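Chain A is fixed; fit chains B, C and D with the ligands onto it per the hints.
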Amino acid sequence: MLAQIHVTFKEGVLDPQGKTVHHALNDLGYDEVLDVHIGKYLEIKLDSVSEEEAEIRVREMCERLLANTVIESFRFKLVSTE
Amino acid sequence: MLAQIHVTFKEGVLDPQGKTVHHALNDLGYDEVLDVHIGKYLEIKLDSVSEEEAEIRVREMCERLLANTVIESFRFKLVSTE
Amino acid sequence: MDKEPEITSQLVKDHGLTGEEYRRILDLIGRQPNFTELGIFSVMWSEHCSYKSSRPFLKNLPSEGPNVLQGPGENAGAIDIGDGFAVVFKIESHNHPSFIEPHQGAATGVGGIMRDVFTMGARPIALLDSLRFGELDDPRTRFLLNGVVDGISSYGNCTGVPTVGGEVYFDSCYNGNILVNAFCLGLAKSDKIFLAKAGGVGNRILYVGSKTGRDGIHGASLLASSEFDETTEEKRPTVQVGDPFTEKLLIEACLELMEFDWVVGVQDMGAAGLTSSSFEMAHRSEAGVRMDLSKVPLREAGMTPYEILLSESQERMLFVIQPGHEEEAVAILEKWGLDAAIIGEVTDESGVRIRFNGKEVVNLPTFPVVDGALDLKRETQRPEYLDRIHQLNLTELPHPPRGDKALIKLLGSPNIASKEWVYEQYDHMVRLNTLVLPGSDAAVLRIKGTKKAVAISVDCNSRFCYLDPYEGAAIAVAECCRNLAATGATPIGLTNCLNFGNPERPEIMWQFEQAVQGMGDACLYFNIPVVSGNVSLYNETKGEAIFPTPTVAVVGLIEDQTKVMTQGFKKPGHRIGLIGFTMEELGGSEYLKVLFDKTEGKPPVLDRKHEKQVQDFCLELIQKGLIQSAHDCSEGGLAIAVAESCFASPAEGIGATLDLESTLRGDALLFGESQSRIVISFPEEFTDKIEDLALSYPVDFILLGKTGGSHFTVNINGREYIKQEIESLKKIWKTTLGSYAGQTT
Amino acid sequence: MKCGIVVFPGSNCDHDCYHILKKVLNQETHWLWHKDNADLSSFDLVVLPGGFSYGDYLRAGAISRFSPVMNSVISFAKKGGKVLGICNGFQILVESGLLPGALMQNHTRKFICKNVYVRVESTHTPFTQECSDKSVLQIPIAHHQGSYYIDPHSLGDLEEKGQILFRYCDAEGNITDSSNPNGSVSSVAGLCNAQKNVMGMMPHPERCADPLWPNVDGQSIFKSLITQS
Ligand SMILES: Nc1ncnc2c1ncn2[C@@H]1O[C@H](COP(=O)(O)OP(=O)(O)O)[C@@H](O)[C@H]1O
Ligand SMILES: [Mg+2]
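Those protein sequences? They're chains A, B, C and D, same order as listed. Positions 0 to 81 (numbering that gives the first Met the number 0) are the ones given, in order, by the first sequence. Positions 0 to 81 (numbering that gives the first Met the number 0) are the ones given, in order, by the second sequence. Positions 0 to 744 (numbering that gives the first Met the number 0) are the ones given, in order, by the third sequence. Positions 0 to 228 (numbering that gives the first Met the number 0) are the ones given, in order, by the fourth sequence.
If we strip away everything but chain A, and leave its shape as in the complex, we get:
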């Protein structure tokens, strides 16, 4: 099983990196760029576990370690690797 996790800043939280890259893209001539947000993408390979269990465990991993829930939110998808 593979967990694909996206961790991004919560709405309204300043994203300095996104802001700077946004400016850089505009400066490079990509005027069509209206906004940039930068987050993390994690892929976690899991040993044989049921989907229900994985769901619970991965959520827990995100809350405990992978996301900083004070300023970040996360979402994930479980993909079978068989």
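Keep in mind the hints are simulated off the structure, nothing from the lab. Since the model is a prediction, treat every value here as computed from it, not as a measurement. Treat the hints with care, since some could be wrong.
Pairs of lysine-lysine, DSSO-like flavour, derived with a Cα cap of 30 Å [to be verified]: (1) A:Lys-76 to B:Lys-44; (2) C:Lys-729 to D:Lys-160; (3) C:Lys-294 to A:Lys-9; (4) D:Lys-133 to B:Lys-9; (5) B:Lys-18 to C:Lys-730; (6) D:Lys-160 to B:Lys-9.
Every beta carbon over 10 Å from chain C, so not counted as near; a handful from chain A, in silico [unchecked claim]: (7) Met-0; (8) Gly-28; (9) Tyr-40; (10) Val-48; (11) Ser-49; (12) Ile-70; (13) Val-78.
All residues carry an ideal CB built from backbone N, CA and C; glycine is no exception.
Relative to the frame of chain A, chains B, C and D with the ligands by itself:
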């Protein structure tokens, strides 16, 4: 239009962050974690452009700035925001 | 725009204002405030902004001196150091935000204190941080330690300001309330210190820096003005994210702007953001201000005037400039890629009037807002715990025949162990000024273009303050100055950060009163002006307050930058001596805590006169080039001081043999924390000179032994008390903190 | 020697390089602003200093390499002009393709500021000719993304052509795992291009070149350049 971009390390390039998080998860008791890879996730909001054009432009942005193709590979998806 | 909420007693309460305070507002402005105005009073009358509990006490701190250019009351204090330069410095807390989100909390703390300094026209050249965490086995401690250090590292390093020193302590009293106190020192031309003034009618108000977002509304002001409880989690969105890159640009751009004489005043937007900066500037200049919030650069759509005024978005400043220079100013800011906008002007009215989308939304006189909060006459009462804990009976304490075990345990205590794991994550060398790197008693920075150097130390033994807040605070001042003396510096000024529990409890206010008194008396005695400071109250969770922690940072001056002393032994075969006098004092010591888990007894006695002589003597030895190392005795006492001098030698470890004669208990002699002691080393041939000089002061001075060999050996009255290999001792001392921080669980 | 020091937004060792070149070594030294597409033909040396240009956002050096001044630096280098990239400057050089490989996050995942030892691996370059071969220099590092990466094939190439100039080592000059502070491939601390006129290194020689401190090991690099012009 929204471009959802994933930038990840190429095969064979060591991902120190992924390795550390892997260890940390095991230490926390998540023994089912077999491997962790950490990359970047970018969301770029684009002004009205055709999908074909966006495809070309976003690929270019990735190659020029968003990914370092010496060590990273990227993939992206365009999502209509209407 | 949505209709504003109606003012109800519940709404007033939600804004942290008491009924009495609300009635006072009605009295002062003669009408009901609207919603936005209520928000303004709420932040400006909060404990954090108004100092309503602490101000009556702070008046007792001495703040004057011939070289003081600016004392308390501005963004930071300033002291003339000669040669046309002034140092500008301040320390400030970011405790509550750091507990909620350690990385961003600590990072924005660093950003805030730097802005306080460069607001005054000074280039920040040094940062220090005083950190306190809960006990090691508290599950959150490791997470908080890593997060805070990471936050300071990422912010300080990116701005190119070296973090040159600090302190780190662990104690269970900080389990629910960590302390993150950040200090910044800047260098300015002594005749170009900028103040937060609005100046004359017609001057323009220029907004500079990041755009305003919804972050941190009621952040510093409310967070820092109430205790933590179960609802703290809900306050989370008030945490702000820092952008050190923008801060770096802001430093450069602001310093460039301040070269021009059409810049009238500057104020950073810290706690209570645009509100406090505009009201305070107007108030100080007895001027009026008109602003139009529609001109403020915004990050988010649909923000209300309430939100714009109360936002605590980081990396923003307010400038007041003379009319006619708007374009010049904006051009400089654009060159640095910063947002800038003229948002208002100075008027001859006596209040602040604010418009938004063509409508007036605020019209308030400045006095009620800035100075209207009544000083609270908080009750004080001596806490009962004191009588209980003062009873420490040393005869009941086991007294082992050898000290090896205790030494090893102390070296592995995170309070004593090397802080290398922390300061290696900080760029402590950038700008090429750091003459004494972290790891010695005080940091020393040369002042380019002069022969001078400044030394900085930050200190507080809060265990002593818990046992006796008056003595504890005085000891903090003395120890800080002693740290400076050990590097060759004379104290010139002090800043403090007073971290205490809930001021509504009379016992806490008693601690506060005592500590301020102790600090003030010590400063008077040592003749050190207190030029800036900060108060952090409500460091308390579910009724458990932290130990009183009046952190002090003292800045000292070294006239000749080539005469700087460090704590490491330099060569084998040098003599080791002790300036000062050792008594049987184990109260409040790290030894008592680590070996017996006790925080008891009375703190060591501080004899101020003796302290001063010890410091002066040490300074003279350094001036005359008679000694090769100096290190003050603090936590862990004499044994730890000598061990640290062994570890810090350039040869990665020189041994030492001490031959002591004493009637004291061995543990008190070696691990007791008697004040006013400095360990020195020197070439044998200077022994007589040093002894003669000691007699002339007079100051206690004894020979302890010699450097050399690969062991740390201590003999007491001819019997071996400690013998350990330096290499293995050093390993414990060096790796303790890092291996703790590096574990995951 | 006429030196130019590029100032990117977020550069913070620019003043330190200036201090060493101008005040300590008495060289003619000028600032080069990142927005200017300057004519560099009269310069003998261009320095890309350390710091956090563009906050190191996205990747260290990724954004700065598009600064207008980099066009000038690239054509200056192509014509044989000497370019020295220190720390962030090194990162910019690899991002811009003037030097091969990439700089990744330290394997410790932490910023590291401390003194390290490096061994001089080649003295046949304008940057190291004043050093003695295999000598050990003590130079501070201060970086978060300093772990040098290059594929094994290209690494062999670098070695063959003598492009590796510095390797992390212990005080005696031994290359060991424990003396590699950041996990760099083959302990590489600094390298140059095939033409030997562009050099990048993670350690900060400007931090050990002022005689006010006892260690002036960094001077040998600047003196190599000065001797030459
Ligand atoms: N948080 C920190 N940041 C930077 N340096 C630190 C920190 N904590 C401790 N240090 C450094 O470690 C050394 C020892 O600290 P400490 O034991 O508190 O010294 P002292 O007892 O002499 O005041 C000092 O040089 C100090 O600056
Ligand atoms: Mg000390």
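Checklist line | Hint check, failures only | finding: Violated hints (numbers, rising): 2, 4, 12; every other hint is consistent with the structure.
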